[in-house]
Amino acid sequence: MRLGGRLGAWLEARLQLAEPLKKTLEHPVPRSSASWFYVFGSGALTVLILQLVTGVLLALLYVPSAGEAWGVLQVLNHQVAAGWFIRALHGWGSNFMVAIVLVHMVQVFLFGAYKFPRELTWVVGVCLLLMTLGMAFTGQVLRFDQDAYWGLGIGASIASRVPILGPAIVNILLGGPIIAGATLARFFALHVFVVPGLLLGLVGLHLWLVLKVGINEWPMPGRIVRRSSYLKEYNELTHTDGVPFVPDAVWKDVVFSGFVLLAIVACAALLGPFGPSGQPDPTIIQTAPKPDYFFLWLYALLSFLPPAAETPILLIGPAVALLVLFALPFIAGEGEKSWKRRPIAVLSVLLVAVGLGALTHVAQHTPWSPVMDAWSSEPIPAKDLAQRTAVERQGALVFQVKQCHNCHALDGLGGERGPGLDDVALRLTPDQLIRQVIQGGGNMPAYGKNLSPAETTALVAFLKTLHPAGQSPARDASRATGLDTHP
Amino acid sequence: MSVPEGVSRRGVFVRLGLLFNGAVALALAVPVLRYVLSPVLRAHGPGDEAWVSLGEVVRFPPGQTRLATYRNPVARPSDGDTAELPCWVRHVEGEHFQVFAINCAHLGCPVRWFPQSSLFMCPCHGGVYYADGSRASGPPERGLFEYRWKVEKGQLLIEAGELPTPGGRALASVAAGSSRCA
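If you read the sequences in order, they're chains A and B.
Okay, so the first sequence: first residue is 2 according to my numbering, each after it adds one.
Okay, so the second sequence: first residue is 2 according to my numbering, each after it adds one.
Derived by calculation from the structure, the hints in this document are not laboratory data.
We put the beta carbon where it would ideally sit given N, CA and C, even for glycine.
All the given hints hold, so there is nothing to weed out.
The list that follows gives simulated cross-link-like pairs (lysine to any residue, SDA-like), each with its CA atoms no further than 20 Å apart:
id, chain 1, residue 1, chain 2, residue 2
1, A, Lys233, A, Val214
2, A, Lys450, B, Phe115
3, A, Lys450, B, Val93
Each pair of labels, with its calculated beta carbon distance range:
id, chain 1, residue 1, chain 2, residue 2, range
4, B, Leu38, A, Phe327, 25 to 35 Å
5, A, Gly356, B, Lys154, 53 to 63 Å
6, B, Leu38, A, Leu130, 25 to 35 Å
7, A, Gly198, B, Ser9, 32 to 42 Å
8, A, Thr390, B, Arg60, 38 to 48 Å
9, A, Asn236, B, Val31, 50 to 60 Å
10, B, Arg60, A, Leu130, 43 to 53 Å
11, A, Leu306, B, Val13, 55 to 65 Å
12, B, Val33, A, Pro248, 48 to 58 Å
13, A, Tyr294, B, Glu142, 25 to 35 Å
14, A, Leu272, B, Gln117, 38 to 48 Å
Model the full assembly from the supplied sequences, consistent with the hints where possible.
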């Protein structure tokens with residue numbers, strides 16, 4: 002017994018924990034699993050503990066009231082000693098948590114650790130991923146600012162699309178018919194009681210399973226998992242080539258956890274807390290709400306889905322994704338574990354990573370949204386105004402005043418909703434320009450009712466000049482031919 | 002009295018006890034469920050949706066579209082600013098108005114009115130609507146949500162109280178036929 006001291010002996014006589022604890026800590030694990038690739042699970046657990054501690058600290062001051070929460074965050078940021086730092090730790094801890102859980106999941110997937118007999122460990126792990134994302138989303142709501150308010154509106158709009166039950170789900174989600182005090186209160190209850198409760202219970206189950214079923218051995222190409230023989234092979238492995246978990250394997254976990262904590266502290270200290278952005282006053286509509294980093298990909302996806310397919314994809318997509326994740330260990334419970342012999346697994350991970358990464362990237366500059374103030378903040382490039390006629394310059398004025406610039410870039414400045422117009426005269430003839438402006442189409446509003454004939458003439462005169470020097474603008478070939486043959 | 006093999010008196014008591022607990026739990030579940038589901042059960046109760054004033058009609062000049070705000074008919078102490086809601090009022094002409102919800106018909110973000118180009122634009126995913134609320138471009142599948150409105154004693158009133166959502170049922174849409182009811 003290493004508990005030492007008379008107090009220790011006194012406690013041990015009553016608790017009798019030393020023996021089971023020693024057995025647990027020193028249980029043999031395959032030597033190959035004492036690896037730097039096996040540190041992400043314990044890293045996630047460390048961050049979870051940090052989140053619990055900082056969460057309790059924040060709860061000392063936080064008030065889950067729609068009228069007061071935002072003000073309390075200001076107090077935390079600016080008045081309470083180290084309040085900003087605790088908020089920053091909790092916010093960065095959240096980002097690290099999601100990131101480490103995802104890395105852990107990818108590692109488990111690529112190392113085939115979900116295969117027999119660890120199916121349930123994987124299933125519980127998928128639930129833990131959902132809980133982690135649930136914590137991230139509900140936490141974002143508790144930072145009750147403009148993004149949180151309109152983010153709830155986005156959530157409600159998606160939920161409302163569920164057939165038949167949609168409106169009822171919205172009311173349950175919001176705690177009433179609108180986003181208000183009751184909404185924040187229930188997200189507080191979810192973030193502070195319900196989801197953490199489930200999360201802790203599931204973490205306990207996850208760890209129990211890791212202890213009972215054993216840690217995955219390093220996958221060797223050609224070592225095939227079979228339900229009939231695996232348990233015996235694993236047992237032999239841990240006993241012939243096993244090491245005690247403590248200290249042989251755990252020291253890497255401890256070192257990694259230390260680095261993770263240090264990274265969170267560094268981010269929190271150097272980059273500070275997240276928000277809050279503007280106050281949650283819905284009458285302040287000069288806002289462009291955006292979700293937190295790990296939901297940006299979804300934000301981007303929602304702008305790229307074709308309108309008619311959006312509702313089915315939104316409702317069926319997550320169900321299919323979850324089904325695939327839950328079914329994985331039962332479909333592929335045997336066979337090769339090594340990623341070197343599982344090209345489809347590697348490609349799937351790459352595909353998902355590239356997909357999510359690309360969507361996250363475009364969501365950071367939202368090319369699909371009009372730039373609301375481009376018409377008054379981005380000037381027409383001087384080269385497009387030099388040596389132009391009065392009508393053409395008048396057209397440039399129409400271009401600005403009618404907010405064309407919000408969606409169309411000139412010389413790289415302005416919106417990207419529609420195509421850039423630096424070479425529009427190469428692509429469209431004057432007649433096609435008039436038609437496009439008046440009738441719209443191809444996702445452009447029709448400006449027919451909005452432009453006087455004189456304005457249209459001027460605008461098209463300006464657009465006709467937009468082509469690179471030395472290249473002649475588009476012309477109507479049939480008309481040109483007609484003119485040539487019948488002068 | 003003969004007791005079947007394997008069933009002890011105490012075993013029966015345990016089961017009876019569990020049954021008793023189950024019955025009490027069931028009785029408890031009724032008020033608990035009513036409490037949890039109260040947002041749905043009261044969604045269309047009296048007072049949830051009501052006529053609220055947007056102010057004097059003269060505040061909305063004919064031919065213009067202006068932002069108006071109203072206080073949600075059901076406001077609680079903890080609502081703070083969230084009980085004050087905005088909407089767009091378009092005074093078409095004479096006694097004819099259109100009152101649009103601020104929420105984009107795509108995902109509920111606040112649309113902005115640009116009088117110069119006579120368009121509503123949404124900052125989130127680029128939904129655009131014409132002056133009459135009909136869809137112009139972008140991901141929305143329909144026009145802006147419209148409130149029912151009426152003019153009484155020089156005041157413009159709308160029937161408000163529920164967040165308009167694409168799957169919701171509260172408000173009429175432009176596409177589904179305008180709501181002239183004054």
